[in-house]
Amino acid sequence: MPVTIKTLTGTDLRAALKDLAQLRISVFRDWPYLYEGSLAYEQKYLSRYADTDGAVIIGAYDGDRLVGAATGEPMEAEVIQFRRPFEDRGYNIKQVFYLAESVLDPAYRGQGIGHRFFDEREAHARRLGYAYASFCAVVRPDDHPAKPSDYWPLDPFWRKRGYEMLDDAIVHFPWQDVGDAEETEKPMQVWFRLL
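The UniProt record's numbering applies: residue 1 is where the sequence shown begins, and numbers increase by one.
It should be emphasised that the hints constitute simulated quantities derived from the structure, not laboratory data.
Check each hint, because a few of them may be wrong.
As the list claims (entries may be wrong) - Restricting the straight-line Cα-Cα distance to at most 25 Å, the calculated cross-link-like pairs of lysine-lysine (DSS-like) are:
#1 Lys186 with Lys147
#2 Lys44 with Lys18
#3 Lys6 with Lys44
Source: prediction; values computed, not measured.
Use the sequences and the hints to build the structure in full.
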């Protein structure tokens, strides 16, 4: 069955949060996030999308099953770590749309779904009048013991879509790595483009 892409807002967005939580735990467990997630944390973390005007989930469905999702919301609704690089540089954060997570079941990769995730979130942001789009990508050391030998960074994909690293913009955000007992802050590079 072909994958169907749906733009979810309002009650449709709210209804997808439990499935998104499960998908995030599964996909983010792998490199480079290495995230030791819990359903309780996920449900609390994701509830912000249900409470934010302008938030969106782009869902990829195989039948009724959510196999991939990408989220976004106005930057002004985001945590200070993600807002600060723009505020410090004098940007009006009311003009920036934040592209948050993008997760896809590995069995569905290589079909152009990642491009659709960006296309649909950017289109949503433009419809709402945003001038810029931004996201953050985790930075792990090249010699990290969990790095797969066949890993290819997504930087070329992002650049092809018009995104560039925002100079000297590394933010730190905490989560618990697989096998760790507690959360630690991870560096994340800010990427940015004009819509």
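Against the structure, the hints come out as follows:
In summary, the hint linking Lys186 to Lys147 is supported, as the alpha carbons are separated by about 15 Å, within the 25 Å threshold. At most 25 Å may separate the alpha-carbon atoms for a hinted pair to count; Lys44 and Lys18 meet this at roughly 10 Å. Between Lys6 and Lys44 the CA atoms are separated by roughly 23 Å; this keeps the pair inside 25 Å, and the hint holds.
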